[in-house]
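Asks: Using the sequences provided together with the hints, build the complete structure.
Here the protein sequences come in this chain order: A and B.
Read in our numbering, the first sequence has 92 at position 92, and its numbers run on one by one without any break.
Read in our numbering, the second sequence has 118 at position 118, and its numbers run on one by one without any break.
For the record, the hints were derived by calculation from the structure and aren't laboratory data.
Take the hints with a grain of salt, since some may be wrong.
[Said to hold, decoys possible] Facing chain A, from chain B, some residues (calculated, C-beta under 8 Å): (1) Thr58; (2) Arg61; (3) Asp65; (4) Val75; (5) Lys85; (6) Thr88.
[Said to hold, decoys possible] Beyond 10 Å from chain B on every Cβ pair, some chain A residues (computed): (7) Ala63; (8) Ser102; (9) Tyr154; (10) Met219; (11) Thr226; (12) Ser228; (13) Lys300; (14) Ile363.
Backbone N, C-alpha and C define an ideal beta-carbon position, used for all residues, glycine too.
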Amino acid sequence: MKDVAVIGVGMTQFGELWNKSIKDIFVEAALKAIENAKVDHIDSMYVGSMSSGLFVGQEHLGAVMADYLGVNPIPATRVESACASGGLAFRQAYLEVASGCSEIVLAGGVEKMTDGADVTEALATAADQEYEVYQGVTFPGLYAMIANAHMHQYKTTRKQIASVAVKNHKNGVNNPNAQFRSEISIDKVLSSTLVADPLRLLDCSPVSDGGAAVILCSMDIAKKITKSPIIRIKASVQASDTIALHSRKSFTTLNSVTTAAQKAYKVAGITSKDINFAEVHDCFTIAEIVVSEDLGFFEKGCGGPAVEEGSTSIEQGKIPINTSGGLKSKGHPVGATGIAQVIECYEQLTGQAGKRQVKNARIGLTQNMGGSGASCVINILEAI
Amino acid sequence: MISPKYFREIPQRYRLEAGKCSKCGMIYFPPRLVCPECKSKQFELIKLNPEGKLLTYTIIRVASDKFSIQAPYAVGIVELKDGVKLTTQIADVDFDKIKIGMKLKLVFRKIQDEGAAGLHCYGYKAIVI
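Replies: In structure tokens:
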């Protein structure tokens, strides 16, 4: 396998982009990434999208986006792994370059969620249709059951869970592409509308439009066209778990995350202690707590106290988490999320994160998951 | 007309039919073609004991359009006596009285309506024993 680098990134504003179509959004992000990477062509491209069919009635996104990006006749592939579609697009692009099959590949993700679809129903297609959704469970409902189990097993408090939203909104204030650039208080989270007990509106990532894209190439080419530091992909790993939450032995540990993390650390030749910062999949506040434990940053049951004490903040954090604002504040255009995580990682590692900058950021991790954790993609990037 | 998507699940939704692996004894609901544990493809059909206990739960306040008329409603994961776990609504219960570990029993109930004609779709819901 060849060494692979990320040499350029681009994303749109995340939010309610009423005047932009799914094509406009993807192409805007892709053009920015191509321009940022200073490449004159791409050999191939991947488009991560969870459910363009349900959200806007458009499938065949590989072909659609290659056409509107003006790059025909290169291969263009749409990949789907629910909320991990972006992460999967990145991993497929990585594998294509690492295999030597292509030199320069674009990995992008997009979702257009505000065109009038029943978003709750569309998102629920990431769960087991016949044995979860049929009964009336929703995505907030699945994570609410994880939250209740975590609170029951580890005495995690509602205030600790709310601390995730408060921290991520604070980080998002300094992200110009974030959907919500406003701070919120614990009280505001705890007095927001109940969605699925114990989770409230401000525990949930929003409905968003947005696109994100990155350019990957072999390290040989990166050395020729990129100035230092070069961002090298140390590991890109994917794992699966049961589609239904109820089929798992535990509802408070996500096996796809622990499996992918252990393998990623092994491939990268590091441990969780070597990670300087992480972008994780906080689709709901409780998810960040569970994932911060499953990635090995904290012991099981200690994720709640850790976020409340500030261990994951940029300023005093032992391990800053979701410096971009996370899905909660930055927004969660589902298919774009995994790529946007890589972009935050890239900006941190190249020292371009402005007021969000983590000091001495050298190794970053991204964790993107689908459904209630049935799929997970973890990437580890390093500045060299 | 009743849709294939609905009628092929009737043995599970009406009668709690599950597959027990003939080799390792694991029980799967719904039945599977291959056992994830031991890779055996031999199963015997069994009927689950409808009694069990609550492992975790939530109250759905914001539902999809299809279920919005029922909201708020309780949903939980129940572990049946056979060890099978499933997601189900918890019916006829005061939300404040729901506790992890409480004993429940699956009963036959209407779950939702399908399609524009509003065909009634049935299945199991849990009630407190």
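Asks: Sort out which numbered hints this structure fails and list those numbers smallest first.
Replies: Failing hints: none at all.
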